[in-house]
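Just need the whole structure built from these sequences, with the hints factored in.
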Amino acid sequence: MHERSPRPPRACSMIATVETTRDISALDRRATLAFGAALLTLLAIGAVAYWAIVVSDERERAVNHTHDVLGQLRQLLTDVVVSQSSSRGFAISRDARELAAYRRAIPAAADHAATVRSLTFDNPAQQDQLPLLEQLLRENEAATGTLINLPPETEKPAIAAALLSGHALDTMTKIRKLVLAMQDEELQLLTERNLATAESVDSREVILLIGTSLGLAVIIIAGLIVRRDARRRRQAERSMAESEARYRCVLEAAPDAMVVSRPSGEIVLANRQAEKQFGYEGGALIGLPLADLLAEAGLGEHGDAIAADADGAGIERVGRHRDGSEFPVELTVSHFENADGLLLTTAIRDITVRQRAERQLAETMAELKRSNTELGQFAHIASHDLQEPLRMVASYTQLLSRRYKGKLDADADEFIGFAVDGAHRMQRLIQDLLMYSQVGTKRNPLAAVSSEEALLTSLKNLRSAIADSKAEISHDTLPMVLADQTQLVQLFQNLIGNAIKYQSPGRTPQIHISAKRRNRKSWQFSVQDNGLGIEEKYYSRIFGMFQRLHSREQFAGTGIGLAICKKIVEQHGGTISVESQPNVGSVFQFSLSASEARA
Amino acid sequence: MNMNMNKDGPVKADILLVEDNPGDVRLTEEAFRAADPTILVHVAADGVEAMDFLKQDGAHAAAPRPDLILLDLNLPRMGGREVLEQIKADESLKIIPTIILTTSEADIIESYRRHANCYLTKPIHLDEFERVVKIIDEFWLKTVRLPADTDEKSEPQ
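Chains as they are written, first to last, in my numbering: chain A, 1 to 599; chain B, 1001 to 1157.
For the record, the hints were derived by calculation from the structure and aren't laboratory data. Cβ coordinates follow ideal geometry from the N, Cα and C atoms, glycine included. Mixed in with the good hints there might be a few duds.
[As the list claims (entries may be wrong)] The following residues of chain A were derived to be distant from chain B, with all beta-carbon distances above 10 Å: (1) D57; (2) I92; (3) G166; (4) E199; (5) L216; (6) R262; (7) I315; (8) G341; (9) R356; (10) A394; (11) Y396; (12) S514.
[Claimed, not checked] Computed list of lysine-lysine pairs in DSS-like fashion (alpha-carbon distance at most 30 Å, straight line): (13) K1134(B) with K405(A); (14) K174(A) with K156(A); (15) K1055(B) with K1088(B); (16) K1012(B) with K460(A); (17) K1088(B) with K1134(B); (18) K1134(B) with K407(A).
Shown next, in the form of C-alpha cells:
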C-alpha cells in the first residue's frame, strides 16, 4: 500500500515535545516583559530622583547665595561701623592703630558692596539699591575722612564740634537702614524661592513616592510572574523530559530499527536497534544521511533514500551494514511535523529471515507443483503405455476364446474366460485412471459455455445405456457457465451414467437435471434420480478413489467415476455433494461459476 | 491387377502395413482376413523398410506397388512422420492413399498437415478394432476409386 497523496502530518508523541517547546518560549517572552516593565519603572524613578536631587541642589545653592549676600551685607555694615568708630577714635586719640583700622575698613566695605553687586546680578531689586549703597558708602568715606583729616593741632573743642556735627552718624544710620532693607529683600527672595522649590519638591516627592511604589509593585509582580513562569518552565521541562523519555522508550522498545530523519535525509534520531542492526555505536548515526543505511541499488533516481512523499508500509529495499554487508529490509515510513519542520520516521525491519522463509516456501511450492505435474504426467504416461500391452492381452485372449471355445476342454474355456474378463476390467480401470489424470493435466482455459449443450452431448454419448435402461430423463433450462466444455460433458455423463446404473431392478430410471442461482457468482446444479440411494455414512466416501459400495457381480465399475466428478468440480472452483434416501433416490449437487456475475 | 496369390485365391488388393509391433501386425492381418480374404497385407517393421518396399529397393525389389498404406507413427529407425513426408514428397508415391493408424491422439493435425489421407486411432477393444478394419476395407478398398484403377498406376512419372 503506497499512498502518494499528501497527508496531514500524523499525531504522535513528539507533538507533546513541540508544545512544551512553545510553552517555554512563551514563558521567556512573559519574563522578559515583566523585567522590561520593572526596568522602565526603575529608570523613571531614577530620572525623577535625579531631577529631585538637581532641584534640591539648586535650592541649597540659592540658600547659600542668600546667606552669602546677607553675610556680605553684614560685613559691609560692620566695616562701616568700624570706619565710623575708628575715625572718631583717631580724631580724639591720634592713635595710629585707629587709623590703620580705618584704612582697612573703608576699602573692605567697598569690596563687600562690589561682592554683593556681583552676587545679586540676577536680582534687579537689589541692583537698584546698589547705587544708593555705594553713594552712602562714599558719603560715609567723606564724613569719616573729615575726622581723619583734621589737622593734628586742631583744638579739642573744634574736634568735639566735628564729632558732634552728626554728619557721619546720619550716613551711618542711612546705611544701616539700607542694608537692613537689602537683607530683608534677600530674605524675602529666599523665602519665595524656598516656597517655590518646596512646592515642586513636594509634588516631586509624591511622584517619587508613587513611582517607587509602582516600581516596587511592578518588580513584585514581575518577580511573581517569573517565579510562576519558572515553576511552569520546570514543569514544562519535566514534561518535555518525560515525553522525550517516553518517546525514547517507545523508540528503544521498538523491535525494529527506528530512524527519524529530515527530508534532506539527515538522521536526527536513531534507536539502539538501528545502531545494532547497522553496526554503529554511541549515536554515530546522528547526522549521517539515511541513504548510508541502504544499498545504492535501492535508492531513488536522485540518490535519495526515500522519496519525500513516500508515506507507506512494505517498501522493500536492501539495507547496508557499516561493514558493507547487505541484507533485505522492509521500510515503513511516516511523516510528522514539529517545530523543526517536516520529519520522517522510518521503521527498518530486517527481513532476511522472512525472505529466506518466503524463498523456501516458494521453492517448496515450485517443487510441489513440479512433482504434482510429474505425477500427473507419470499417471498419464503410465496408463497410456500400460494400455498398449493390455490391448494385446485383451485382444488375443478374446481371439482365443472366440476361435477355440468348445474346442478345448471346459477348464480351458473357464481360464480363457477369466483372462478376458480380467483384461477388460483392467482396460476400464486404466481408461478411468487416464481420464482422472487428464482432468488435472489436460486443462482448457475456462470459457463461457452452455451447460445445456454439455448435458445434451453427454446424453448423446449415453444413448445406448439410456435406450437399454429405458430411462426417462428430463431437464430444466440450463444456464451459461464458466467451464471446460469437455470436462463438463464428462461430469454430466458420469453422474447420469451412475443414476442409470445404480437402479432398482424393475423400476424405470427417472432422472431430472436442474439448476438454480446460488449467489451472485454461481449456479447450483442438481442431478436427481429414483435409484438405489446411498446411506448417509457413505456420502463422503463415494467421492474417493476406488470406492465402491457394491460387489462387482452386482454393478461393474472401477470406483473412479465420482472421484473424477469431484476433481472436475473442484478444478472449476466448485463443490459437489450428495443427499440421498436409500431406495427412494439420490440428489447429486454441484456448483459452477456463472459466466456473468449477476448484480 | 496384382498377380500375387494367397491361400484364398487371387489377390484383389495389396496393403502395406508399416508396424513394428508383431502383435498388432498379426491382429491387423487377422482382422483383414476376417473382413476380406482376398486382401494381401505386406508388412514393413520400420520406416526404412517401408521406403525400401515402396521404392522396390534391395530385398523388396520384387515388391508390388500397394493400393493402400497403413502407417503407424511410432517406428524404429525412421519414424512414421518422416515416412509420410517422403511418400508425399515423391511424385509417384504421393498418390497412394496413406492412412495413419496409431495409438497416439497427439499427432492428428501434424499428420494431415503432411497430407495424410486419413487418421485413425487403434481402438482398445478387439471388436472395435475389427470394426475399424472392416470400415477401411469397405471404404478404401470397396467404395472409393483408387488411382490403381486408372492407367496412372502403370505410369511411373
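Is the hinted pair K1134(B) and K405(A) satisfied, with a Cα-Cα distance of at most 30 Å? Roughly 23 Å between the alpha carbons, so the hint for K1134(B) and K405(A) holds.
Holds or violated: are the alpha carbons of K1055(B) and K1088(B) at most 30 Å from each other? 13 Å, holds
Does the claim that I92(A) lies outside the interface with chain B hold up, using a Cβ gap greater than 10 Å? Consistent with the label, I92(A) stays out of reach of chain B, its closest Cβ about 182 Å off (over 10 Å).
Would you assess whether R356(A), listed as outside the interface, keeps its beta-carbon beyond 10 Å of every beta-carbon in chain B? 42 Å, holds
Regarding the assertion that D57(A) does not contact chain B, is the least Cβ-Cβ distance greater than 10 Å? Nearest chain B Cβ is 131 Å from D57(A), so the label holds.
Just to be careful, I want the Cα atoms of K1088(B) and K1134(B) compared with a cutoff of 30 Å; is the pair within it? Holds - the C-alpha atoms of K1134(B) and K1088(B) are around 26 Å apart, at most 30 Å.
Just want to verify: A394(A) was marked as not at the interface with chain B; is every Cβ pair farther apart than 10 Å? 7 Å, violated
Do the alpha carbons of K174(A) and K156(A) lie within 30 Å of each other, as the hint requires? Given pair K174(A), K156(A) holds - Cα atoms ~28 Å apart, limit 30 Å.
Closest CB of chain B to the CB of E199(A) still more than 10 Å away: 133 Å, holds
Check the non-interface label on L216(A): least C-beta distance to chain B beyond 10 Å or not. 113 Å, holds
Going by Cβ atoms, does G166(A) stay more than 10 Å from chain B at every point? 179 Å, holds
For the pair we were handed, K1012(B) and K460(A), check the Cα-Cα distance against 30 Å. 39 Å, violated
When the structure is compared with the earlier hints, violations turn up for hints 10, 11, 16 and for no others.
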